[in-house]
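**Q** As numbered in the numbering used here, the sequence shown has no gaps in its residue numbers, which increase by one up to the final residue, 565.
If you're looking for bench data, these hints aren't it; they were derived computationally from the structure.
Each hint should be verified, as a subset may be incorrect.
As the list claims (entries may be wrong) - Computed spacing ranges between beta-carbons, pair by pair:
1) Ala-563 x Gly-409: 23 to 33 Å
2) Val-384 x Phe-542: 26 to 36 Å
3) Glu-391 x Ile-466: 17 to 27 Å
4) Thr-503 x Asn-395: 18 to 28 Å
No residue lacks a Cβ here, since even glycine has one placed at the ideal position from N, Cα and C.
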Amino acid sequence: MEISANGFTKLSASSFTVLSNLVTETISNLSAPQTGGQGEPVGGPFTKFSFETGAVTDSETDWDIAFRGTTIAVNGGTATGTNEEPTRNGNAGAAIQNGIFSDITSANGLSFDQDAAGSFAVPAGSGEGWYNYNPATFTVTPIPGRILVFRTHDGKFAKVEILSYYRDAPAEPDAFSDESRVYTFNYVYNPNEGETALE
Numbered sequence: 367m368e369i370s371a372n373g374f375t376k377l378s379a380s381s382f383t384v385l386s387n388l389v390t391e392t393i394s395n396l397s398a399p400q401t402g403g404q405g406e407p408v409g410g411p412f413t414k415f416s417f418e419t420g421a422v423t424d425s426e427t428d429w430d431i432a433f434r435g436t437t438i439a440v441n442g443g444t445a446t447g448t449n450e451e452p453t454r455n456g457n458a459g460a461a462i463q464n465g466i467f468s469d470i471t472s473a474n475g476l477s478f479d480q481d482a483a484g485s486f487a488v489p490a491g492s493g494e495g496w497y498n499y500n501p502a503t504f505t506v507t508p509i510p511g512r513i514l515v516f517r518t519h520d521g522k523f524a525k526v527e528i529l530s531y532y533r534d535a536p537a538e539p540d541a542f543s544d545e546s547r548v549y550t551f552n553y554v555y556n557p558n559e560g561e562t563a564l565e
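Model the full structure from these sequences, guided by the hints.
**A** Next comes the structure, spelled out in structure tokens:
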């Protein structure tokens, strides 16, 4: 950049920030076991995930979302009252969107919910959050076009498209032969503070 004053011209370095690239990944076979169910109290630890590292984490603080069975918790809000839930100490939240994954291009303007007493930011139950349960086949399948947009524990943004709830993501899952509670999902993560772009 040139600065001119009193007939003199000086070159000055421009002030700019270099943004990191968006991270686009597929996570395969993330295990989210639970105990109980079918009339028994649900329990077992949640499997915590960090978008920053792109991996499961045991950290008590640096996690964004956590999985147990069909339930997804966020590292933001307060305890829901379920058994063995992780401590929330971040500002994570979730916004449920309908559309094509690539068409969800920004988190700007979205309203993010957090976990609270009696409810999760990603609603639990068939047809409510991310999945449908088929009582005829006993299978859990992602709702087509249901995209989960997350604000991370430290205020960044990511979007998630869940592809499967079964090991190795079979096209036609069999509740009796395919291992369940094993997630495969696509995500896009923006590592830049204050930036909401997701494409």
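**Q** None of the hints should be skipped; say for each whether it holds.
**A** Checked hints:
1. Ala-563 x Gly-409: 23 to 33 Å: Given a distance of about 39 Å, which is not inside 23 to 33 Å, the answer is violated.
2. Val-384 x Phe-542: 26 to 36 Å: violated (52 Å)
3. Glu-391 x Ile-466: 17 to 27 Å: holds (18 Å)
4. Thr-503 x Asn-395: 18 to 28 Å: holds (21 Å)
Of the numbered hints given earlier, the model fails hints 1, 2; all others are met.
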